[in-house]
Amino acid sequence: MRLEIEGLSVRYGAVQALEDVSLVVPSGTTTAIIGANGAGKSTFLKAVAGLVPPQGGRILVEGRDLAALTVEARHALGVVLCPEGRRLFPDLTVHENLLAGALRRKGRAAVAADIAAVYDRFPRLDERRGSLARNLSGGEQQMAAIGRALVGRPRLLLLDEPSLGLAPGMVRVMADAIRAIAAAGVTLLLVEQNARLALTLAATGHVLEAGRRVLSGDAAALIDDPRVRDAYLGGAETASPASPEPARSW
Amino acid sequence: MLTQVLLIAAMSSALYMLLALGFTLIFGILRIVNFAHGEFVMIGAYAVFALTSGLGLGYAAALPLAALLAGGLGLLAERALFRRYAGDELGGMIMSLALAITLQGAAAVLFTIDQQSVERPVTGVLRIGDAVLPKDQLFVAGFALAAVAAFHLLVQRTRFGLALRAVAQDPETLRLQGVSPRRLYPAAFGIGCLLAGLAGALTAPLYTIHPYMGETAILKAFIVVVLGGLGSVPGAIAASVLLGVTEAAVSTWLGVTAATLTSFVAVMAILLVKPTGLGGRA
Amino acid sequence: MSARIRSFAAAAAGPALLAALVLLPPLLGRPFHYHLGILVGINALLALSMQVMLRINQLSLAQAGFMGLGAYASALLTRDIGLPFAAALPLAGLLPALLAGALGPVLLRVRGVHFVLLTFALGEVIVLVFVEWVSLFGGNNGLLDIPPASLFGTALRAKPAFYALTAATLLAALALCRWMTRGERGMIVAGLAGNEPLLQSLGVDALPHRCALFAFSAFLAGLAGSLYAHYFGYISPEAFGFWTAVNALIMGVLGGVTLLLGPLTGAVLLVPLPELFRDAIAYQRLFYGLALMALLLFLPRGLLGVLRASKGSTP
Ligand SMILES: Nc1ncnc2c1ncn2[C@@H]1O[C@H](COP(=O)(O)OP(=O)(O)O)[C@@H](O)[C@H]1O
Ligand SMILES: [Mg+2]
Numbered sequence: 001m002r003l004e005i006e007g008l009s010v011r012y013g014a015v016q017a018l019e020d021v022s023l024v025v026p027s028g029t030t031t032a033i034i035g036a037n038g039a040g041k042s043t044f045l046k047a048v049a050g051l052v053p054p055q056g057g058r059i060l061v062e063g064r065d066l067a068a069l070t071v072e073a074r075h076a077l078g079v080v081l082c083p084e085g086r087r088l089f090p091d092l093t094v095h096e097n098l099l100a101g102a103l104r105r106k107g108r109a110a111v112a113a114d115i116a117a118v119y120d121r122f123p124r125l126d127e128r129r130g131s132l133a134r135n136l137s138g139g140e141q142q143m144a145a146i147g148r149a150l151v152g153r154p155r156l157l158l159l160d161e162p163s164l165g166l167a168p169g170m171v172r173v174m175a176d177a178i179r180a181i182a183a184a185g186v187t188l189l190l191v192e193q194n195a196r197l198a199l200t201l202a203a204t205g206h207v208l209e210a211g212r213r214v215l216s217g218d219a220a221a222l223i224d225d226p227r228v229r230d231a232y233l234g235g236a237e238t239a240s241p242a243s244p245e246p247a248r249s250w
Numbered sequence: 001m002l003t004q005v006l007l008i009a010a011m012s013s014a015l016y017m018l019l020a021l022g023f024t025l026i027f028g029i030l031r032i033v034n035f036a037h038g039e040f041v042m043i044g045a046y047a048v049f050a051l052t053s054g055l056g057l058g059y060a061a062a063l064p065l066a067a068l069l070a071g072g073l074g075l076l077a078e079r080a081l082f083r084r085y086a087g088d089e090l091g092g093m094i095m096s097l098a099l100a101i102t103l104q105g106a107a108a109v110l111f112t113i114d115q116q117s118v119e120r121p122v123t124g125v126l127r128i129g130d131a132v133l134p135k136d137q138l139f140v141a142g143f144a145l146a147a148v149a150a151f152h153l154l155v156q157r158t159r160f161g162l163a164l165r166a167v168a169q170d171p172e173t174l175r176l177q178g179v180s181p182r183r184l185y186p187a188a189f190g191i192g193c194l195l196a197g198l199a200g201a202l203t204a205p206l207y208t209i210h211p212y213m214g215e216t217a218i219l220k221a222f223i224v225v226v227l228g229g230l231g232s233v234p235g236a237i238a239a240s241v242l243l244g245v246t247e248a249a250v251s252t253w254l255g256v257t258a259a260t261l262t263s264f265v266a267v268m269a270i271l272l273v274k275p276t277g278l279g280g281r282a
Numbered sequence: 001m002s003a004r005i006r007s008f009a010a011a012a013a014g015p016a017l018l019a020a021l022v023l024l025p026p027l028l029g030r031p032f033h034y035h036l037g038i039l040v041g042i043n044a045l046l047a048l049s050m051q052v053m054l055r056i057n058q059l060s061l062a063q064a065g066f067m068g069l070g071a072y073a074s075a076l077l078t079r080d081i082g083l084p085f086a087a088a089l090p091l092a093g094l095l096p097a098l099l100a101g102a103l104g105p106v107l108l109r110v111r112g113v114h115f116v117l118l119t120f121a122l123g124e125v126i127v128l129v130f131v132e133w134v135s136l137f138g139g140n141n142g143l144l145d146i147p148p149a150s151l152f153g154t155a156l157r158a159k160p161a162f163y164a165l166t167a168a169t170l171l172a173a174l175a176l177c178r179w180m181t182r183g184e185r186g187m188i189v190a191g192l193a194g195n196e197p198l199l200q201s202l203g204v205d206a207l208p209h210r211c212a213l214f215a216f217s218a219f220l221a222g223l224a225g226s227l228y229a230h231y232f233g234y235i236s237p238e239a240f241g242f243w244t245a246v247n248a249l250i251m252g253v254l255g256g257v258t259l260l261l262g263p264l265t266g267a268v269l270l271v272p273l274p275e276l277f278r279d280a281i282a283y284q285r286l287f288y289g290l291a292l293m294a295l296l297l298f299l300p301r302g303l304l305g306v307l308r309a310s311k312g313s314t315p
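Protein sequence lines, in the order shown, are assigned to chains A, B and C. Sequence positions in the first sequence follow UniProt numbering and run 1 to 250. Sequence positions in the second sequence follow UniProt numbering and run 1 to 282. Sequence positions in the third sequence follow UniProt numbering and run 1 to 315.
Please keep in mind that the hints were generated in silico from the structure rather than gathered at the bench. The C-beta atom is built at its ideal place from N, Cα and C for all residues, glycine as well. There could be a bad hint or two in this list.
Unchecked claim - Computed far set for chain B versus chain A, every beta-carbon distance over 12 Å:
1. Arg83
2. Leu219
3. Ser232
As the list claims (entries may be wrong) - Derived, one-sided and incomplete: chain C residues facing chain B with beta-carbon distance under 8 Å:
4. Val116
5. Phe232
6. Leu292
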C-alpha cells in the first residue's frame, strides 16, 4: 500500500513537532524513519494514523487523501498503528488483546486463523494467552502489540519503536518478526531510535531532526553515511542494539 | 432469625449490584457520574405501576417492559444530553443533575407526589426448618442475581463486552483497533439505565413509589462504587455484598440509622487507606 | 471606542452590576422585594462558598452541610446560651471552617469524582446527625424560636434592616474572595487549579493551601447558615441536604464558574424562579429542570461567561 506524504506539518500549541516533511513509502517495501528522542517520529506516525490533525500538508494512501477519514476509517482501509509503549489493554488477557485487534472484523473463523498464526510466530504468547497484559514482560508486551496489530489485517503497518527497552535477544525476535511481516507483503513504516536495527530491516531510510527531514536514502548507504554514523550509530563503534529508554508520557 | 437476615442481605446485595454495575459501567465508559441514576430506578418503579394499574398488564409482562423503558430512555438521554460531555466530568455531572430534577418533576406531574404502591405478585412464605422466608423477597433476590449473572456474561463473554472493557481501559487505543468509542456510548448508557430500571421494577411491589425515591438509590450506588472503586466491576460486586451484609446485620441488631452511619464511616475509612476504592488501581 | 475606554468599561462593569443588584430591592421598595433580596444574598453566599472550591477544580457537595452547621450553631448559641448575634455570626462561620480544616488533610488527598462522592457522603452524615441527635438538634422538627439577628442592641426584625445585614455580609465575602484571587495568593490558587507540579517546583506545599481554601469555603457556608437561621427563626435538617448543595452549584455554573460575580448572578436568576411558577406549583420542578437543561445546552459557559466572551475580554 503506497503512502505519500506531502509537506506535512504538525504543531502542539507552541511546539512545532513536524515541519514540511515529504516522503514516499512505496507499496510492499519497508521504510525506516530514524531520529533522536523528540525529533517528531511518533508524531509522524500519529498523523498518518489520524490521531493528530496536521496543520498543513497532505497524506495520501494509494493516491487517496486521508484528511477526511477518522482513525477508525483509516484502520478499515488497512492503515494500522502499533503505538509507542505498546499500549496494550492492561486488564485484558493476551488472548483478549488479540481479539480486540479484530473487533472491527467480521468472520470468526478467519480471525481465529489469524490469531493462531500470531501464536505460531510467537509461541511465548501462546503460553501466556490467559495472563493479563499488565503482568507481561516488555518483550511479551511488544509481541502482543504486534500480534494485535496483525490481527487487524494491516496493509500499511506503522511500527513505533518496537525495540524500545528490549534485551538484545528479544530485539532479534522482533527483527525476525518484522522481516516475516514484510515478506508477507505488508508495507511497513518503521520508526526507531535504534538506527542500526531500523536500517538493517529497511530498504529506504529517512532521518528526522527537530521536525524536519534532513537526510534520505538507500538504507545500506545511510548506515555508512558519516553523518548518520556520527549522530545515530555512536560514531565508528558498533552501537548497542538495545538502547534502554525511559518510558515517555506520550 | 439468621436465615432471614441472610435473605435480606442477599436481596439488598443483589439490588445494590444492579444499581452499582450500571452506575459504574456508565462512569467507566463515558466518564460521567450519572446523578440521575436513581431517577431511572424511579422510572422502572413507576412504569410497573402504570402498566399494571393503568393498563391492567400482569406483573410478569410489566417487569421486563419497565426495565426496557428505562433502558430506552437512558439511550435517548445519552444521545440528546450526555454525548457532548464525554471526558468533561464536571459538565456531565451537572447535566445529570438537571436531568434528575427534570425526571422528578415529570414524575410529579404525571403521577402527583402522592405515594403509590403496586400489588405484590408473589405472596406467602417458604418455611425451611424454623426459618420463615417471604417468597417475594426470594423472588427479588433470585431475579436480581440472575440479571447480574447475565450482565457478567455479556461483559466477559461477548465481543461487545470485550469492546466495553477495552474502551474503559484505553479509548484511544480502541480507536486504533478500528472501533469508535462513541458507538459504544449509547448502548453502555442504555444498559446501565436498564439495570437501574430493573431494580426499580423489582422493588416496586416491596416499597412505596414516589417521585423522589431515586435519592435513596443513588446514595446506595455511591457508597458501593466508592467502596469498590469507580469503574471497577469486580469492585462493585464485592462492595455490594459488603454493604448488603453489613446493613442487614447492623440494622437488625442496632437499627437503621446505625446501619447508614456504619456504611458512611466505612466508606470514609476505606478511602482514607485506599483513595481509589477496594477494586481501583491508581 | 478606544481601547482605553473599553478597558475602563470592562473594569467598571463588575462594580456597576454589583451596585445595581444590591440597590434593586431598596429601589423597588416592597417587603417582598427585600425578602427576595435576602434569599438571593443567602443563596449567593452558599454558591460563592462552592465556587471557592470550584476555583481549585474541586466540587464539594458538603457545603450545604456546612451551612447547616453554621445555622444550628448560630441558633443554639443565641437561643440556649444567650450569646449576642454579633458573636454568634462569626462563630457560625468558624465552626464549619474548623471541621473542614480538620477533615481537609484527609479529604483533599482525594481528587476529582472521588472528592465529589466523598463530600456528598460527608454532607449526608452531617444531615443525619441533625436528624438523629434529637436532644441537641431537635431531630426532624429542627429548632424553633431562634431569636432575630441584632446588632448594637437593636433587633433587625424589619426586612430592610436584615437585607442590609445580608448585603453587607455578601459584599464582605466578595471582597475576601477577590483578595484571595489577586496577586501572589491568586497565583497559588490558579496553580492549585491547574498546575500543582509547578507549585511544588516553586517550593509551595499545596496541601495546606487547599485545606485553607476548604476551611474558607466552609466559613462562607456557615455565615449563610447563620443568616438563614435568624431570618426564618426556625430550621430543620432537610434545608441543608443534597439538593441545597446542588442548587448552589447550579447557581454558580449558571452565572459562570470562574467569575467573581457568577454566583450572585446565578442566585439572582434562580431564586425568584419559583415565584414565576407560583401558579403552576405542580409543574415547578419540571420547568426548573427543563430550563436548566436548556441553559446548559445553549449557554455552556454561563450567562456572565457569554457576556464576557462577546465583549472579547479574557475572563
Ligand atoms: N501531546 C503533545 N503535546 C505537546 N507536545 C508534544 C506532544 N507530543 C509530542 N510533543 C512534542 O513534539 C515533539 C516531537 O515529539 P515526538 O513525535 O514524540 O518525537 P519522537 O517520537 O521522535 O521522540 C517533541 O518536542 C515533543 O516534546
Ligand atoms: Mg516517539
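Evaluated hints:
| no. | hint | in the structure |
| --- | --- | --- |
| 1 | Arg83 | holds (16 Å) |
| 2 | Leu219 | holds (28 Å) |
| 3 | Ser232 | violated (9 Å) |
| 4 | Val116 | holds (7 Å) |
| 5 | Phe232 | violated (23 Å) |
| 6 | Leu292 | holds (4 Å) |
The structure fails to meet hints 3, 5 from the earlier list, while all remaining hints are met.
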